[in-house]
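The listed protein sequences correspond, in order, to chains A and B. Position 386 (the first sequence) corresponds to 386 in the UniProt record's numbering; numbering is contiguous. Position 158 (the second sequence) corresponds to 158 in the UniProt record's numbering; numbering is contiguous.
I should point out that these hints are in silico values taken from the structure, not numbers from a laboratory. There's no promise every hint is true.
Using 30 Å as the maximum straight-line C-alpha spacing, the simulated DSBU-like pairs for lysine-lysine come out as follows [what the hints assert, rightly or not]: (1) LYS546(B) to LYS317(A); (2) LYS37(A) to LYS186(A); (3) LYS246(B) to LYS228(B); (4) LYS132(B) to LYS293(A); (5) LYS297(B) to LYS135(A); (6) LYS321(B) to LYS228(A); (7) LYS515(B) to LYS514(A); (8) LYS546(B) to LYS461(B); (9) LYS297(A) to LYS553(B); (10) LYS546(A) to LYS484(A); (11) LYS186(B) to LYS132(A); (12) LYS515(B) to LYS546(A); (13) LYS135(A) to LYS230(B); (14) LYS317(A) to LYS414(B); (15) LYS228(B) to LYS546(A); (16) LYS567(B) to LYS514(A); (17) LYS514(B) to LYS567(A); (18) LYS414(A) to LYS293(A); (19) LYS546(B) to LYS553(A); (20) LYS315(A) to LYS132(B); (21) LYS546(A) to LYS514(B); (22) LYS546(A) to LYS489(B); (23) LYS297(A) to LYS514(B); (24) LYS546(B) to LYS489(B); (25) LYS294(B) to LYS135(A); (26) LYS249(A) to LYS37(A); (27) LYS135(B) to LYS321(A); (28) LYS293(A) to LYS321(A); (29) LYS186(A) to LYS461(B); (30) LYS414(B) to LYS321(B); (31) LYS249(A) to LYS293(A); (32) LYS246(A) to LYS317(A); (33) LYS84(A) to LYS186(A); (34) LYS186(B) to LYS457(A); (35) LYS315(A) to LYS135(B); (36) LYS553(B) to LYS457(A).
Taking CB as the label site, the calculated pair distances span [as the list claims (entries may be wrong)]: (37) GLN282(A) to HIS92(B): 42 to 50 Å; (38) LYS135(A) to LYS230(B): 35 to 43 Å; (39) HIS234(B) to SER164(A): 21 to 29 Å; (40) THR518(A) to ASP95(B): 25 to 33 Å.
Here the structure is a predicted model, which means the values were calculated and not measured. Ideal placement from N, C-alpha and C gives every residue a C-beta, glycine not left out.
Number of protein chains: 2
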Amino acid sequence: MYLEKINQPSDIRSLRYEELDQLAAEMRKALLHKLSKNGGHFGPNFGMVEATIALHYVFNSPVDKFVFDVSHQSYCHKMLTGRKESFLSEDHFHDVSGYTNPEESEHDFFNVGHTSTSVSLACGLAKARDLKGDKENIVAVIGDGSLSGGEALEGIDFASELESNFIIIVNDNDMSIAENHGGLYKNLKELRESNGTAACNLFKAMGLDYVYLEEGNDIPKLIDTFEKVKDIDHPIVVHIHTQKGKGYKPAEEHKEDWHWCMPFDTETGKSTVSFDGEDYGQLTCDYLMGKIKKDPKVVAIVAAVPTNIGFTEDKRKEAGKQFVDVGIAEEHAIAMASGIAKNGGKPVFATHSSFMQRTYDQLSQDLCINENPATILVNTASIYGMNDVTHLGIYDIPLISNIPNMVYLAPTNKQEYFAMLDWSIEQDQYPVAIRIPCNGVISITEDVDTDYSDLNKYQIKISGSNIAILALGDFFDIGEKLAKAVLEKTGVMPTLINPRYITGLDEELLENLKKDHTIVITLEDGILDGGFGEKIARFYGPSDVKVYNYGIKKEFLDRYAIEDVLKENHLTVPQILEDVL
Amino acid sequence: MYLEKINQPSDIRSLRYEELDQLAAEMRKALLHKLSKNGGHFGPNFGMVEATIALHYVFNSPVDKFVFDVSHQSYCHKMLTGRKESFLSEDHFHDVSGYTNPEESEHDFFNVGHTSTSVSLACGLAKARDLKGDKENIVAVIGDGSLSGGEALEGIDFASELESNFIIIVNDNDMSIAENHGGLYKNLKELRESNGTAACNLFKAMGLDYVYLEEGNDIPKLIDTFEKVKDIDHPIVVHIHTQKGKGYKPAEEHKEDWHWCMPFDTETGKSTVSFDGEDYGQLTCDYLMGKIKKDPKVVAIVAAVPTNIGFTEDKRKEAGKQFVDVGIAEEHAIAMASGIAKNGGKPVFATHSSFMQRTYDQLSQDLCINENPATILVNTASIYGMNDVTHLGIYDIPLISNIPNMVYLAPTNKQEYFAMLDWSIEQDQYPVAIRIPCNGVISITEDVDTDYSDLNKYQIKISGSNIAILALGDFFDIGEKLAKAVLEKTGVMPTLINPRYITGLDEELLENLKKDHTIVITLEDGILDGGFGEKIARFYGPSDVKVYNYGIKKEFLDRYAIEDVLKENHLTVPQILEDVL
């Protein structure tokens, strides 16, 4: 075993090339060990084993500095920088995050998790180095999939202005999460097919020097290539062709399925975690496919995460021109959706809450100023969503709901969600965003409203007195339990309200509540700052009504247990009762 | 006079080429007439006269659809689409906005004012056309300066996926607002110098067809070129080389000064509006130049608007490597600033509040999760700032202040602003944003704090009772007047507080206020929704204290008079007194 002896990057420099190959095999074994039990980013790490070894062989980390894009491919980097136990030993699996993390190691410079940021972040390291008169190598690693993102393209365009050492490794495995989309991928293909010699070259067109290596999984050739660019005095792109998922047959053959994996059986490749309930991804896809078949103007749009709304490869093919994956290009997606709506189409763009963060200006300028009736689905927008610090879904209410003209809806169950979605697609007055529920698929039997065009009308679910509970979206569930507990505790039935609209106040209803309510409680599945509850507090500010806002504290959480977060934020029913009564 | 007879685009199609040249001369005269009296975007419109004539000569607007990037170059388009009186007759100058506006004309499809959006918006029009089975031409017009923006690059990359008619006119005048920055401009130069034949071609590298026209101010050649691409069955870039400011010597010679102009004397080119007071642009530049000279690690960063903090050409040269203009690339700017701070530099990035909207995800992910001590200056963040619907500065408090780890400061005067800026540059703990005051430069003689590291400590300026006024940033001024009026009216001195920190509550101070205050008033220069006052309302929600929040209603304003907006939002002292007493 070589891997067991690697405690720092310099330990690999004494190994011979054959030994490095052996190390690579051991690293793949360690990846398979951890990922099969734990899940995680599979394809990106299996493809980067050799390149990571070569990077650490040639460069002197942490004096020389690596910035990994998304950093979902940094598992091997972690193994070589003192964190191998987190892959070898099950007891230590959770010692490390799934991304680079400066708190773990001096070899990591940024907490990263969104795509397309590495070049710009690394430009900053390089600029500071130059200001200080230092001389280390700065190396940004970026996958081909991330290149289509605006921030990456801005960074690559700017890089040539540095006029000093700067190395961009383009790790080209000819895949995004799904297949790539965008014209630049034709150029990458040309470059791969011409062994980097094609005269038309995106990177050169952006003012950068360029070298190509076809054998991106060959350690000696990678070392040789990196040696040549080490200590270079200007910015250069090193374009390497790697194989996503290399070394594990199912992953080599089914790249999209193996971008990220749940725990699986290493023999068969089959997931060991089964889920056979309903999920909103599948349900949304089924619903949209129905619309698509009935109306040629309906178009589903995603940005490199097609399955976030259930569009697996077969469904994408079935939808044809009525499905668009723009690649990692969320800004473009929103602007294009606005244009489609303007010209009479019915666009539905969906992505995760965390990635929607890239689109504030487009939501505001391209969409909402123009009041075009596009539908935006905000997914995993919840404390029940992804729980890495870079993928949190608890900030979209302040982000989206404070944009004028936007109608942001918070359905509380399956029937309400699809009624809202259907209304949104068919109406032609408002830009509408919908927060897809995230606490499981809750079905109800009663009828839901089909028309939401009379904006900001909250729905009274239980008419009571003294205490009114405004329970938004996902947290309606907590509201129901709280209402029951209040009745039990006080003998008085409280009022329970489903606000439905995040973007406006039902002033008439709120005014009426003053008559026989002294306490108003708000519940929302997101941070309190800038959110829904504070608007209610503002409304009642000058009155005698007491307002209690419940939601999440403004902070960056990381790999949390939901129960803990709910407790820390006083979101359990007994805690709320104790506060209020 | 030909222009007087043009009531719709088809009216120009009966003119001979010499007559079109005459029309161009008349249009320049009309531009000069209006701009010399009214101010506006000069260079972009003078450069686009011929191209606009040719576009309307060849294409059939509004069936064929033009989308102008930024649309600051759309004055000529307005003249040819029924709006000539707004340029010929002083009484009608204000009938039209400075940007395209669908409310003005069916020839305008979007309210646009930010850069880099036209290609994506037009992609949307084209996609909807294809879904509907229509056949019109879709034409996006984009200047070279806008090409560096992430949204534009995402759009250009995506465009080749359309596989149907789509025409991108790249209006290359070799200038952004100031000079261009970024590697792609080397490629544009190569293309211009090779008459479009250079093998390495940014647009082809993004999968697009391409034609070049050197004579971008020659009507017959433009017509000929546009005729050739009309009704094309795939996406194509038409790269035309135009002269910014063409036809007015001072503007041809001093392109940056004449990008946008104040009213001026047409003979001399000198501004007829003089301003000799202090302004924060100049003051900020002077301050930063002082820091730059003392400390090689300080670096000022802008994104294509260098003079927003006073960096005129001479100052940029003087600052050398310690000044960086990233071009239109705000996302990159924030990420780079984070990287600089991480590696020990002291970055200060400044842009307008409205353009900062492009950077939410970078502020959150690249900067604040990583807690790097960069300084962000948010300029014209105020109702006193720019008043076009696309350039409003009243949304940044909800946008920025709800990001965890961010320290967002609101100075109330010159001395406090520079004390905060100096503290921010020298500290190494927090990402800090500062809202540059915008209601004139107010100087005070008393000392201000120099250390702001004890976060969220509000400052009591007058200690009183019964009513407490929390007057944030620019609106501290209103707070002072209100305090005086309250004393006069009630005989009781109210408490006046300068909160200073937008991002957190001084809970101890707020708790103490409960003792001898029954009313708390908040004042903020921005929209109320998601803002500062609502956090105060939330704090006092469960208490007996009555809270009144004053600020701007959540809406898109356009070309407003400040006095009207203040009145409509109950922001005058008599109105507040009436509400509260």
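Here's how the hints hold up against the structure:
no. : hint                               : result
1   : LYS546(B) to LYS317(A)             : violated, 59 Å
2   : LYS37(A) to LYS186(A)              : violated, 37 Å
3   : LYS246(B) to LYS228(B)             : holds, 25 Å
4   : LYS132(B) to LYS293(A)             : holds, 14 Å
5   : LYS297(B) to LYS135(A)             : holds, 15 Å
6   : LYS321(B) to LYS228(A)             : holds, 27 Å
7   : LYS515(B) to LYS514(A)             : holds, 26 Å
8   : LYS546(B) to LYS461(B)             : holds, 21 Å
9   : LYS297(A) to LYS553(B)             : violated, 35 Å
10  : LYS546(A) to LYS484(A)             : holds, 20 Å
11  : LYS186(B) to LYS132(A)             : holds, 28 Å
12  : LYS515(B) to LYS546(A)             : holds, 18 Å
13  : LYS135(A) to LYS230(B)             : violated, 53 Å
14  : LYS317(A) to LYS414(B)             : violated, 61 Å
15  : LYS228(B) to LYS546(A)             : violated, 69 Å
16  : LYS567(B) to LYS514(A)             : holds, 28 Å
17  : LYS514(B) to LYS567(A)             : holds, 28 Å
18  : LYS414(A) to LYS293(A)             : holds, 22 Å
19  : LYS546(B) to LYS553(A)             : holds, 24 Å
20  : LYS315(A) to LYS132(B)             : holds, 21 Å
21  : LYS546(A) to LYS514(B)             : holds, 15 Å
22  : LYS546(A) to LYS489(B)             : holds, 29 Å
23  : LYS297(A) to LYS514(B)             : violated, 58 Å
24  : LYS546(B) to LYS489(B)             : holds, 19 Å
25  : LYS294(B) to LYS135(A)             : holds, 22 Å
26  : LYS249(A) to LYS37(A)              : holds, 18 Å
27  : LYS135(B) to LYS321(A)             : holds, 16 Å
28  : LYS293(A) to LYS321(A)             : holds, 12 Å
29  : LYS186(A) to LYS461(B)             : violated, 63 Å
30  : LYS414(B) to LYS321(B)             : holds, 28 Å
31  : LYS249(A) to LYS293(A)             : violated, 37 Å
32  : LYS246(A) to LYS317(A)             : holds, 27 Å
33  : LYS84(A) to LYS186(A)              : violated, 38 Å
34  : LYS186(B) to LYS457(A)             : violated, 56 Å
35  : LYS315(A) to LYS135(B)             : holds, 28 Å
36  : LYS553(B) to LYS457(A)             : holds, 19 Å
37  : GLN282(A) to HIS92(B): 42 to 50 Å  : violated, 57 Å
38  : LYS135(A) to LYS230(B): 35 to 43 Å : violated, 55 Å
39  : HIS234(B) to SER164(A): 21 to 29 Å : violated, 41 Å
40  : THR518(A) to ASP95(B): 25 to 33 Å  : violated, 54 Å
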